[in-house]
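*Asks:* Chain residues, written in single-letter form:
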Amino acid sequence: MGYEFDWTVLLTYKQLLIDGFVMTLKLSIIGIFLAFLIGSFMGLARVSKNFFVSLFATYYVEFFRNIPLIVQMFFIYFSFTLTDSFPFLEPFGDWIGIENHNEFFSALIALITYTSTYIAEAIRGGIQSLPKGQTEAAKTLGMNYTQTMYFIVFPQAIKIVWGPITGQFLNLIKNSSLAMTIGVAELTFQTQEIDSLTFRGFEAATAVTILYLFLTLFTSYVMTLINKYMLIKTASKGGSQR
Amino acid sequence: MSDKLNKYFAQHRFLYYVLNIALIVSLLKLFQVTSYPEANFSEVLTAGNIKFMLFGMEDEFGGLMLTFYLAFVAIILSFIFGSILGIARWSDIKIFKIPAVLFIELFRAIPHIMVIFWVFFAVPIFFALIFNIKVTTSALTSAIIAFTLFESAHIAEIVRAGLNSMPKGQFEAAKTLGMNSWQTFTLIILPQAYRRMIPPLVSQFVSLFKDTSLVYVIGVVEFFRAATIINNRIYMSFELLSIAAIIYFICAFTLSQIAGHLEKKVEKQINT
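First to last, the sequence lines map onto chains A and B.
FYI, numbering that gives the first Met the number 0 numbers position 117 of the first sequence as 116, with every residue one higher than the one before it.
FYI, numbering that gives the first Met the number 0 numbers position 79 of the second sequence as 78, with every residue one higher than the one before it.
Isolated chain B, as found in the complex (with noise of 0.2 Å):
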């Protein structure tokens, strides 16, 4: 039985992805009938509510939108700078490697929560120390240099592997065909190693965009801010945590399965 409904599930894959969120959404309404039943999902519910999750308060940018931006603007940064510390690290050159080698191991090294915290503290410091000028950033500035300090690290991780697994076969016959190696690098080497790379870029991706939901700390007005602060107006937790997490869920579910579909045409792709 399984196996028939693997075949069939891989042939329709957007069907299976369809089912999967109907049937989590209703398995967590069953959990709350039974455990919960007193729960009022439509005082939660109204319009300013709604609108306030999504594009938080009247005049400034809010909720799930910001959420968004910020995973967008994050997974830009830090796939370019990562590339960059990834690249550098893979190098033999050694004034490149070392600083390359230190930044990586000590942000993999350190909880995403205290990377936002050092931003937030010490940036100012920072400038005060060095360049002697007062410099005040805003929450969203400091989240957004923090993730990227933090997920450039692990990216880098990813493209060195990427560079790795590439066989020597390559460079050797880049060079038979007289290209120096600047041409070999742009040309034949990251080409292929990016098309490697996307599975476990995306599911980094995924798992940065799970992770905006920490700059809740800081006080930025993100999505999962918002519902925070409407639950601490009205006090209905379950209602609007149990809306989060189906949000989140639906959202990052979609990304691991356009991963999971990614990794089957790269894999096919290499293979041939």
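This is chain A alone, in the form it adopts within the complex (with noise of 0.2 Å):
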């Protein structure tokens, strides 16, 4: 009986790996970025005193955390024809060299809408764990609103919850496996892919998770890297410690 391993395939069909590879990093590099920003908007919006702007921004992260990443992609890509409705993303989609612009742009907001609660929820942490000195201090010296989150709370905030805002973006990695079920071709899709071909879906596996390893392993590094790089600035600049 036993089972013959055959490491030759992965050679043979490399180039699939290759483009999965690529496929998850565009997927990654856009939704992590956008997720940022929509999540750090969206977790000064749940802190602001103005009534409906933190209504919106709870009920944004309460719906979007609660519905299973699956079932928004299902949504978004069954529902709607993405590049009619938004025509813009057809160029752009080009612009990055992709094929199936419906399948890749649903995965991708899907993605951000989910990622970008928890973010915008480690945010939100991180800023009322501020003593609130910092904001009176801000006020006495004449900023207004603005410029106290900008200048202020934000640069604060970002630091305290720089591991929470890691885990989201290594989360958001892993989590755009998930895009292969909508027929996006990442690097789990090419697991698949080969198993089918070839009937070996252990060796493949074992790549792919290989890769996964990597790619997160070394954006937890480069986060880290970011992280000392903030400290060192703000020591430079003779900032107190928080």
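Please keep in mind that the hints were generated in silico from the structure rather than gathered at the bench.
Note that the coordinates shown come from a computational prediction; the quantities given were computed from them, not determined experimentally.
For every residue, glycine included, the Cβ atom is placed at its ideal position computed from N, Cα and C.
With a Cα cut of at most 25 Å, we get these calculated SDA-like pairs of lysine to any residue:
no.	chain 1	residue 1	chain 2	residue 2
1	B	K6	B	L18
2	B	K3	A	G132
3	B	K93	B	L186
4	A	K13	B	L105
5	A	K131	A	I159
6	B	K96	A	L212
So the derived list for chain B, only partly shown, Cβ under 7 Å to chain A, looks like this:
no.	residue
7	I23
8	A108
9	I109
10	P110
11	I112
12	W117
13	I124
14	K209
15	L240
16	F248
17	A251
18	F252
Not close to chain A: a few residues of chain B, all C-beta gaps over 10 Å, as computed:
no.	residue
19	T45
20	I187
21	I188
22	Q191
Combine the two chains into a complex, taking the hints into account.
*Replies:* Okay, structure coming up:
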């Protein structure tokens, strides 16, 4: 009985793996960038003094956080034709070099909405954990609300919650594998492809697991470097410790 | 205005919960009326379809009940296994610590869907290779194994954090009372640490509940797959998927409200 390993399939189908890796990278990089942007805005909006702004942010977070990612992806993909509703997605998709625009952008939007809620929660936690003296001191210096948030509160809050935000970025990279269910040809999809071509799912899964490990470890390393850089910058400016 | 409302709702949590769900459902209805007016819910919500989504086929177990069953079994198994792993990683004994670290770091670094595929592909091959026997696992068994492996790695980290957060005075006080290390651990440290872990554990269980929709990929007919099966037949994706979204929202929102409630309770207990 037994099972004979045949690692040469990986060499034969290496182009599939490379394409999948590039697709995962595209999803992850655009997703991380936009999720961080939207998450930051929603996190700031949740602590806003304006009742309706904070209400909107609360419902945004509660709504998208409590629906599974795969349901969101399917909902967007099967109920709308994104390239019809938003024509500018077509040239943008061509520019970043993807073929199936609808699948890619459905997966991307679902990833962004899902992850941005977690980032918003993390940033809200960071802002609320800052001592009140910071905003009061900024007020004394004559700063308005926007200046206080931009120069004083947000830079400090982000340093406190850098760890959880890194975790959410890693989650986004890992969750991008769900895009295979609607047919985006990323890494996990290519595992299935190689398995159906050669019936060598074990070898393909091993290779893809190693690629994911590499990707997550590399990302967390980069995030640690950014954190260090931020701390050095604060210290060289003579900024006080939090 | 918002302060008054917050105070009022802090006392009437259940009212807040019901109002929230009503508001979300009506917002979705508004969205549907404005962007997709031709939706026809009465055609989807026939008795047969509802029964299929809740209980699955006549002769087999499926639908929303299977989602709950899967979540329940996975929660219990991953809680037991995760606690053992977490304690092993927290301990200073190298033969327990190193395998636990490797296991946890591996399963935290790969996507959940990959773990499900791994178990589905690799378990039969693994048994064929090592024990030289042919094992066939059903999709449901593979799903439960995959959930246990993946979630226990995450729960182990929560358990370790909870154990690390115990103040040193607790160990010293137990030593003063003449307890040995086993007694200290089981009678003093663990019960207190678990109380601190309740809020993060419950939110991990919420995410486990949401993740049960992933077993769609290996063909377990749980709630989400049941919805997509009906969709393949009648092709009314907007209606079916929005119903699925609402049901998942209600379940997960209920659990996360309970988590918030428990968090406040635990904070009170620790502070007093």
